[in-house]
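**Q** Sequence:
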Amino acid sequence: MERNKLARQIIDTCLEMTRLGLNQGTAGNVSVRYQDGMLITPTGIPYEKLTESHIVFIDGNGKHEEGKLPSSEWRFHMAAYQSRPDANAVVHNHAVHCTAVSILNRPIPAIHYMIAAAGGNSIPCAPYATFGTRELSEHVALALKNRKATLLQHHGLYRL
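So in our numbering the end of the sequence shown lands on 165, straight run, no missing numbers.
Some hints here could point you the wrong way.
As a list, the in silico DSBU-like pairs of lysine-lysine whose alpha-carbon atoms are at most 35 Å apart [what the hints assert, rightly or not]:
#, residue 1, residue 2
1, K10, K153
2, K150, K10
3, K153, K68
4, K73, K153
5, K54, K73
6, K68, K10
Using C-beta positions, here's what the derived DEER-type ranges look like [said to hold, decoys possible]:
#, residue 1, residue 2, range
7, I108, E70, 32 to 40 Å
8, R111, R139, 18 to 26 Å
9, P132, G26, 23 to 31 Å
Hints in this document: simulated from the structure, not taken from any laboratory.
Glycine is no exception: its CB is placed at the ideal position from the N, C-alpha and C atoms.
Taking the hints into account, I'd like the entire structure generated from these sequences.
**A** In structure tokens:
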């Protein structure tokens, strides 16, 4: 698919997350696999002001387009694409209920049949690490090894 269409889908996803109350302000981020890297939301621009030209390309080596600042959490998006060849998009939000449950730092057990949609009998909770760090991206990659979703302790939800 061409870049502008993918960028538009990223923006539409961001706007829908806001409409549903899953994010506030500039929180959360969305990416899609593209060429040898990914397209990702920028840092610090409210979703309702995003245009296709704001979406940032980052190559497989972590180099981003000059003059554009990707989400500070781009590393864990890249880690997902590198560790999961089946991943084509990543959505991260700060949904209030997910963030509240993540404080417990426990997996969500199979108390509802939709837990299986995450790829197993539970949804793991990746340990806390400062946002934007390599340590956090390593925690996320490990938590997603056999799953399509994980909580991030004290942080929110991450879904392939």
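**Q** If a hint holds in the structure, say so; if it doesn't, say that too.
**A** Status of each hint after checking the structure:
1. K10 <-> K153: Given pair K10, K153 holds - Cα atoms ~24 Å apart, limit 35 Å.
2. K150 <-> K10: At roughly 29 Å apart (the allowed maximum being 35 Å), K10 and K150 satisfy the hint.
3. K153 <-> K68: Since the Cα atoms of K153 and K68 sit roughly 26 Å apart, the hinted pair holds (cutoff 35 Å).
4. K73 <-> K153: holds (29 Å)
5. K54 <-> K73: Distance ~15 Å between K54 and K73 Cα, so the pair holds.
6. K68 <-> K10: holds (22 Å)
7. I108 <-> E70: 32 to 40 Å: holds (36 Å)
8. R111 <-> R139: 18 to 26 Å: Since R111 and R139 have Cβ atoms about 24 Å apart, the given range 18 to 26 Å holds.
9. P132 <-> G26: 23 to 31 Å: For G26 against P132, whose Cβ atoms are near 27 Å apart, the range 23 to 31 Å holds.
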